[in-house]
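A.B. asks: Chain R is fixed; fit chain D onto it per the hints.
If you read the protein sequences in the order shown, they are chains R and D. Counting in my numbering, the first sequence runs from 480 upward without gaps. Counting in my numbering, the second sequence runs from 480 upward without gaps.
There could be a bad hint or two in this list.
Given that identical chains are not distinguished, each listed pair holds provided it fits within a single copy or across any two copies.
20 Å max Cα-Cα, derived SDA-like pairs, lysine to any residue [what the hints assert, rightly or not]:
(1) K637 / S850
(2) K759 / Q743
(3) K777 / K805
(4) K688 / E604
Since the hints were made in silico from the structure, they are not lab data.
2 protein chains.
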Amino acid sequence: MTEFKVTPWNVEGDIDYNKLIEQFGTQPIDDKLIDRVKSLTGEVHPLLRRKIFFSHRDFDWILSKYEKGEEFALYTGRGPSGHTHLGHILPWIFTKYLQDAFGCELWFQLTDDEKFVLSPQLSIEDTIKYSYENALDIIALGFDPKKTRIFSDISYAKTMYKHALQVAKKVTFSTAKAVFGFDNSTNIGLIFFTSMQSVPAFLPSIMHKKKIPVLIPSAIDQDPHFRITRDVAEKMGYYKPALIQSMFLPSLEGPNSKMSASKQNSAIFTVDTPKQARKKIMNAFTGGCSTLEEQRVKGGDPTVCTIYQYLYILFEHDDEKLNEIKRRCMSGEEMCGNCKKYLAEKVVTFLKAHQERREAAKDRLDEFMISD
Amino acid sequence: MTEFKVTPWNVEGDIDYNKLIEQFGTQPIDDKLIDRVKSLTGEVHPLLRRKIFFSHRDFDWILSKYEKGEEFALYTGRGPSGHTHLGHILPWIFTKYLQDAFGCELWFQLTDDEKFVLSPQLSIEDTIKYSYENALDIIALGFDPKKTRIFSDISYAKTMYKHALQVAKKVTFSTAKAVFGFDNSTNIGLIFFTSMQSVPAFLPSIMHKKKIPVLIPSAIDQDPHFRITRDVAEKMGYYKPALIQSMFLPSLEGPNSKMSASKQNSAIFTVDTPKQARKKIMNAFTGGCSTLEEQRVKGGDPTVCTIYQYLYILFEHDDEKLNEIKRRCMSGEEMCGNCKKYLAEKVVTFLKAHQERREAAKDRLDEFMISD
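Pulled out of the complex, with its shape left as it was, chain R reads as follows (with noise of 0.2 Å):
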């Protein structure tokens, strides 16, 4: 069995879903709750319907109180510690998706502090830089500016701080060792920075001054910092934020490799070139046998293959076409070089969009960055 980790700073490994969900404790996204979401919206996005959006807690409660006539708010954030990649905007996609399919106001943190205490290698101007970079990443996605605040946490200091430290007054050390892991070595600025990721969950509630349900769409790897928010909400007054949370996109050069910004290769981002994103992908791992002649007899396997994945998270929305695309791998009718050269157009054409509406978006700014 392989080993994996999951925290909010680090993930390695190759992951097992199902025991994550058994080891963080939260519930797996069911059938039930999918038919749940179509009955309310009339569409279910593939993110969730392929359940890519796997894991939740409290996402039931939500909708029952949808159903009920109440709004919700949604949160996510981005920790601003380089350009943003495709799997980055995996659950911004997905957040797009319920803002829009639910009416939602979203609190969209940029958690330039935490990245800055993280990071040896990253100053303050660094996340300060890569906060405004993300942001432009975000606004390109097409949120909703009258219903979208993105904010950083040290642009927005005067009203997270006084906030954090509500939060930060109910959390011992003892907590936070035991959820992140921490220990001596760990800076204070860290062990301090899960109140700073606390406080968007309340924001909603703090601005129009009365209890709103948040719902946290996020990759499950941020799951400690909310198991501390749901402790501390009651005793603050606030509802428990419920949570929705994605797999992770794998990275371009195969298992037990993480995408990082580190790693130009393992990952395709927002500003890459066409040039750049092509080399990528056709570079990347597959699921391919070391010759053509052996795949033409035995077939590839699409269930390790990174250009499959791609495509069945975020690329190939239409299921009839992707399971002729599986068919035809694992039968051996189709070579790995035209599997990316169709993954590649796809993924150019998303860039070129997205690059021409992330330009625009500079002009874009104040229709949705908040500050103090």
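C.D. replies: Same frame as chain R, but now just chain D:
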């Protein structure tokens, strides 16, 4: 030997100040230093002459800088956990003298964040309210509005938090634990807080965009915070702040009692009426004997007398008069009642004038307070 304990959050027992200098690793204020101040400013405040300010770190370096024509800034603070008492005012009086004598800019921090995370019984509204109340006392002491900036951590959080992160990144839990005695039950707000207390030592340099020496007058219990500040200062490109540190004004209830807002008779508060102040003084612990007859024969003991200590530390600047009071006490010529009345008149005179200026300060907050 009496046990004692001095931390920023707890002062207990009968303090041996010489031993504290050893424990903390600070330097004693000696006559040479006092003479040097005299030769620079022509006057020496009684709090320095009498070595109530008894300890320092690099105060000699500050004087050398000044002798070379370099300006230095002052930084002191207050934890707004309640109303101001005379013990709080002691270092502020000395700070005002330093501002006048050396022409210094002063940064005055109100740690409403610290007191909130520290005290189970205080709400954030409480500590914000006391920030305001305490600021009135600070202004009433006559600081130069052109050279004085008073701020609370919460209302100046946007500036403070950003710089506190830079400190926090350089301080491990291990260091904080060793310096403050934190344990697993300490909340993560208090663990982080020392970063906020470091920032004003760097604000003069940050605001004027050049390295400015800073002197911190405070009671000795704040030394642990500034050990951390001094540890990180040079790594951050600033001078280590220098410190000049005072003893505590004793409790009116005698040795082994603490001045605190929860024991109203232990201290004279700036908002006490003349009647309340007189009553507290008339009930204070003295060095007198149990009967008048016995005292006439044996004499009193000024070394344990709170009345004598109040005169020595704050209210009788005339050495000759003070010596005469001591002589008459020890010889049995004077009874405690008269001494108490003598102090009471001085305290009431101070309080009346202070309260007038404190009232006027309500219209002067804008001259002193900064926020972001």
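A.B. asks: Provide an ascending list of the numbers of those earlier hints which the structure does not satisfy.
C.D. replies: Hint check: nothing fails, all pass.
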